[in-house]
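As they're listed, the protein sequences go chains C and V.
Take the first sequence: its position 40, counting from 1, is numbered 40 in our numbering, and each next residue is one higher.
Just so we're on the same page, our numbering is the position in the second sequence counted from 1, plus 238.
There may be inaccurate statements among the hints.
As the list claims (entries may be wrong) - Below 30 Å or equal to it, Euclidean Cα-Cα: the simulated DSS-like pairs (lysine-lysine) are:
id, chain 1, residue 1, chain 2, residue 2
1, V, Lys-454, V, Lys-386
2, C, Lys-148, C, Lys-190
3, V, Lys-299, C, Lys-148
4, V, Lys-386, C, Lys-5
5, C, Lys-134, C, Lys-113
6, V, Lys-454, C, Lys-5
7, C, Lys-195, V, Lys-428
What the hints assert, rightly or not - On the chain V side, residues computed to face chain C include the following (Cβ under 10 Å):
id, residue
8, Trp-385
9, Lys-386
10, Leu-391
11, Ala-419
Please keep in mind that the hints were generated in silico from the structure rather than gathered at the bench.
The structure presented is a predicted model; accordingly, all values stated were derived computationally and were not measured.
Glycine included, each C-beta is placed from N, C-alpha and C at the ideal position.
Protein chains: 2
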Amino acid sequence: MSNLKVEVCLTPLLYVNYRNDNSIVVVIDILRATTAICTAFEYGVKEMIPVASEEEAYEYKRKGFLVGGERNGEQLEGLDFGNSPYHYMGDHIKGKTVVLTTTNGTQAIEQCKDAYKVIIGAFTNLTALCDFLKNEGKDVILLCSGWKNKFNLEDSLFAGAVVDELANDERFTEFADSSLAARYLFQVAKDDAYKFLRNSSHRKRLAKLNLKEDIKYSLSFDKSSIIPILKDGKLVAL
Amino acid sequence: MSNLKVEVCLTPLLYVNYRNDNSIVVVIDILRATTAICTAFEYGVKEMIPVASEEEAYEYKRKGFLVGGERNGEQLEGLDFGNSPYHYMGDHIKGKTVVLTTTNGTQAIEQCKDAYKVIIGAFTNLTALCDFLKNEGKDVILLCSGWKNKFNLEDSLFAGAVVDELANDERFTEFADSSLAARYLFQVAKDDAYKFLRNSSHRKRLAKLNLKEDIKYSLSFDKSSIIPILKDGKLVAL
Chain C
1 MSNLKVEVCL
11 TPLLYVNYRN
21 DNSIVVVIDI
31 LRATTAICTA
41 FEYGVKEMIP
51 VASEEEAYEY
61 KRKGFLVGGE
71 RNGEQLEGLD
81 FGNSPYHYMG
91 DHIKGKTVVL
101 TTTNGTQAIE
111 QCKDAYKVII
121 GAFTNLTALC
131 DFLKNEGKDV
141 ILLCSGWKNK
151 FNLEDSLFAG
161 AVVDELANDE
171 RFTEFADSSL
181 AARYLFQVAK
191 DDAYKFLRNS
201 SHRKRLAKLN
211 LKEDIKYSLS
221 FDKSSIIPIL
231 KDGKLVAL
Chain V
239 MSNLKVEVCL
249 TPLLYVNYRN
259 DNSIVVVIDI
269 LRATTAICTA
279 FEYGVKEMIP
289 VASEEEAYEY
299 KRKGFLVGGE
309 RNGEQLEGLD
319 FGNSPYHYMG
329 DHIKGKTVVL
339 TTTNGTQAIE
349 QCKDAYKVII
359 GAFTNLTALC
369 DFLKNEGKDV
379 ILLCSGWKNK
389 FNLEDSLFAG
399 AVVDELANDE
409 RFTEFADSSL
419 AARYLFQVAK
429 DDAYKFLRNS
439 SHRKRLAKLN
449 LKEDIKYSLS
459 FDKSSIIPIL
469 KDGKLVAL
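Chain C on its own, in the form it takes in the complex:
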């Protein structure tokens, strides 16, 4: 009988308190980096290279790579894509390598890149992700990207969805307070996450950018069964 631990790390800055050599880390940036990444893999991207800085992104662009980049919700000038999931739907990325930098999500990946395993989570691959975590049977850290190292609702909501599912597996017994809180939020929100997020500060930010469709897509369940995983600095399909 295992006593597996499930912890939610609410922003990347707190990861230093959770870091260990044995846990699987799930990186979460629902609006919109990790949703975009899962979408890209569903549409056949070969690999994605997450980079933390704009400079690195432009350097890859100069070398001829396809590059996505976003800061503060808007696409970086001169790059091929932003972080809308819709930018990664279609044949144009099939079999390609795509580089990505975003305000929060790729920073979170940078924080945890040395973990035992780093995988990418979104509502769009929720069931596949939870099945994987159950099969692995390891401790889990759900790393929310948040917004500039502040807590955000949508990432913790997704973390709560994972907790809610893992709690059905009796091997997962140790839930941090952050995990319990995230699960409560998910239970309050699950019937209408879009409505739940109506008042969130991030959604207000994104509403200005006219991203209603992105948000609706990002809150839809199980569009993909692919789990992106970090291998040697690149995301590949598991």
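Given the coordinates of chain C, assemble chain V onto it according to the supplied hints.
For chain V alone, coordinates are given in the frame of chain C:
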């Protein structure tokens, strides 16, 4: 018409993201530092000196001060009190100066000591605290002490209680995602906070120390109308 902001900072490590020159900071460590501090003022303590390190606490003890000290839930050896609210009930502290160091609460005070105003919150002074915040009409940062820079349920629950009350005042309009989340938790928990905390990791930790009475007291509302405030490094009654 003001647009006052209410943000919940979920652990002291994140305070750097919230710090500003105009907000009132409410320090929260429900189990048990800020509850103990509010209790001490209700029982007539003259002033309390919060110190972050054990060394400082023992130095004050050598100088003849009354000193309370706790680490990991247990009273530090050779000091006068731990951080149980019950240690601060009675005439023995009336009119006295008491020094205090705790695992989380006094660390949080250390983090925000340069803020515009720093006050101490607990369920036991909730109504008085909210009335004060409404009268002041300033932005509010609710600083949860957490547990060793991890999120804890009881502090965010209290933060949620304050948010829930301030939301009734139409001048408070800007609620961070952390504030919305804390409010949801409070709304789920408010009818029986003790039951809600049944599964929390911190309560399990404290349960080992047989602190059921402390926890029940710490979750009781409005035992005091005194608000401790930090002035020149010392807590005094407002």
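A quick look at each hint next to the structure:
1. Lys-454/V <-> Lys-386/V: Holds, at roughly 22 Å.
2. Lys-148/C <-> Lys-190/C: holds (25 Å)
3. Lys-299/V <-> Lys-148/C: The given pair, whose Cα atoms are some 42 Å apart, is violated under the 30 Å limit.
4. Lys-386/V <-> Lys-5/C: holds (18 Å)
5. Lys-134/C <-> Lys-113/C: Between Lys-134/C and Lys-113/C the Cα gap is close to 22 Å, so the pair holds against 30 Å.
6. Lys-454/V <-> Lys-5/C: holds (28 Å)
7. Lys-195/C <-> Lys-428/V: holds (23 Å)
8. Trp-385: holds (8 Å)
9. Lys-386: Since chain C brings a Cβ to about 7 Å from Lys-386/V, closer than 10 Å, the hint holds.
10. Leu-391: holds (4 Å)
11. Ala-419: holds (6 Å)
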